[in-house]
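Position 113 of the sequence shown, counted from 1, bears residue number 143 in my numbering, the numbering being contiguous throughout.
Hints are supplied without guarantee of correctness; some may be wrong.
[Stated by the list, open to error] Subject to a maximum C-alpha distance of 25 Å in a straight line, what follows is the list of computed BS3-like cross-link-like pairs (lysine-lysine):
1. K104 with K88
2. K92 with K104
3. K261 with K89
4. K104 with K123
5. K278 with K104
6. K89 with K104
7. K278 with K88
8. K92 with K278
9. K216 with K104
[Claimed, not checked] Distance ranges between label pairs, derived from CB positions:
10. C129 with D94: 41 to 51 Å
11. D204 with D239: 16 to 26 Å
12. A165 with L208: 35 to 45 Å
13. D147 with L125: 51 to 61 Å
14. R114 with F84: 23 to 33 Å
15. Y219 with P168: 25 to 35 Å
16. E276 with G124: 20 to 30 Å
Treat the hints as calculated values from the structure; they're not laboratory data. Note that the coordinates shown come from a computational prediction; the quantities given were computed from them, not determined experimentally. C-beta: ideal position from N, C-alpha, C; glycine also.
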Amino acid sequence: MRSQGKTAEIELREEEELLLAREKELQASRVSSPDVEPASAMGTVRKGEDRASFTDLKKARKEDSAAMMAGFNKVASPAQNAERVLQMFRDQKGLNIGCAVDLYEHGLQTATLALRDGADEETVVVALLHDIGEALSPINHGEVAASLLRPYISPENYWILEHHELFQAYYYQDAFELKEKNVRDKFKYSPHFAACERFCERYDSPAFDPAYDSLPLEHFVPMVMRVFNRKPYLASGCDKDSLLNECKLSLAEAYPEPVAS
Numbered sequence: 031m032r033s034q035g036k037t038a039e040i041e042l043r044e045e046e047e048l049l050l051a052r053e054k055e056l057q058a059s060r061v062s063s064p065d066v067e068p069a070s071a072m073g074t075v076r077k078g079e080d081r082a083s084f085t086d087l088k089k090a091r092k093e094d095s096a097a098m099m100a101g102f103n104k105v106a107s108p109a110q111n112a113e114r115v116l117q118m119f120r121d122q123k124g125l126n127i128g129c130a131v132d133l134y135e136h137g138l139q140t141a142t143l144a145l146r147d148g149a150d151e152e153t154v155v156v157a158l159l160h161d162i163g164e165a166l167s168p169i170n171h172g173e174v175a176a177s178l179l180r181p182y183i184s185p186e187n188y189w190i191l192e193h194h195e196l197f198q199a200y201y202y203q204d205a206f207e208l209k210e211k212n213v214r215d216k217f218k219y220s221p222h223f224a225a226c227e228r229f230c231e232r233y234d235s236p237a238f239d240p241a242y243d244s245l246p247l248e249h250f251v252p253m254v255m256r257v258f259n260r261k262p263y264l265a266s267g268c269d270k271d272s273l274l275n276e277c278k279l280s281l282a283e284a285y286p287e288p289v290a291s
């Protein structure tokens, strides 16, 4: 909500100044570590280490692949990718969209409700991370989490993530006086309808209670790590018959391998 006496132009200018200040801080931290390339925040490739020789991917040679794989595994291991997604979740602490709890607590609460209801580990992880795109892309935030988790989860949980905000509208449509009611019913043809309905009714919808005793994030971190350590597109129940998944799976040799458990 706009402060009294402030114009949209002034607020925009203040936001731009804040972003510039943050960028200057990042630049300063990069200058203080000149031996580290600034492109990656975790698992850096340092200057002087082997690099591919091409400047145009069309000119890549077989011998370039070793350097690329070494670099890729250093900056994008399954554990590092899991940590990046977890950091997206941590960044929601204090981020409140006007509810009784912030998005961080909402995620913890949703995951705790799922766990205590006997949901499997994958569904608990889905519950934890389902809203990490809420402030990034509000009207299709389910697709943000769905895309990040898609290679590691079942088609059903992917569908739940992708559609959950439409199902949630069932519970607030009257309060917000939405013109179109019960949009979720348009998806009754789907075999995943009941699962998404259950996810929202049992876990997502009631997870705004500031008095609820949610488990801490540390309880869920190992679960997230295990999900991200799965072989992409080979998770139990993953839709390997999908043309898109099949084609992406064919590129697996060029990407970091999960750690043997």
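Outcome of the hint check:
The suggested pairing of K104 with K88 holds, with an alpha-carbon distance near 24 Å, which does not exceed 25 Å. Annotation: proposed proximity of K92 to K104 holds, straight-line Cα distance about 20 Å (limit 25 Å). A hinted pair counts as satisfied when its Cα atoms are at most 25 Å apart, and K261 with K89 does not qualify at roughly 29 Å. Annotation: proposed proximity of K104 to K123 is violated, straight-line Cα distance about 28 Å (limit 25 Å).
Between the alpha carbons of K278 and K104 the distance comes to roughly 21 Å, so the proposed pair stays at or under 25 Å and holds. Taken as a hint, the K89 and K104 pair is honoured in the structure, with Cα atoms around 23 Å apart against an allowance of 25 Å. A C-alpha spacing of about 19 Å is found between K278 and K88, which places the hinted pair at or below 25 Å, so the restraint holds. About 20 Å separates the Cα atoms of K92 and K278, which keeps this hinted pair within 25 Å; it holds.
About 45 Å separates the Cα atoms of K216 and K104, which puts this hinted pair outside 25 Å; it is violated. For the pair C129 and D94, the beta carbons lie near 50 Å from each other, so the given range of 41 to 51 Å is met. The given range of 16 to 26 Å is respected by D204 and D239, whose C-beta atoms sit roughly 20 Å from each other. For A165 and L208, the hinted distance range of 35 to 45 Å is not satisfied, since their beta carbons lie about 21 Å from each other.
Here the CB-CB span from D147 to L125 is close to 26 Å, at odds with the stated 51 to 61 Å. Remark: the range hint 23 to 33 Å for R114 to F84 is upheld by a beta-carbon distance near 27 Å. Remark: the range hint 25 to 35 Å for Y219 to P168 is upheld by a beta-carbon distance near 26 Å. Checked against the given bound of 20 to 30 Å, the beta carbons of E276 and G124, roughly 42 Å apart, lie outside it.
The earlier numbered hints that this structure contradicts are 3, 4, 9, 12, 13, 16.
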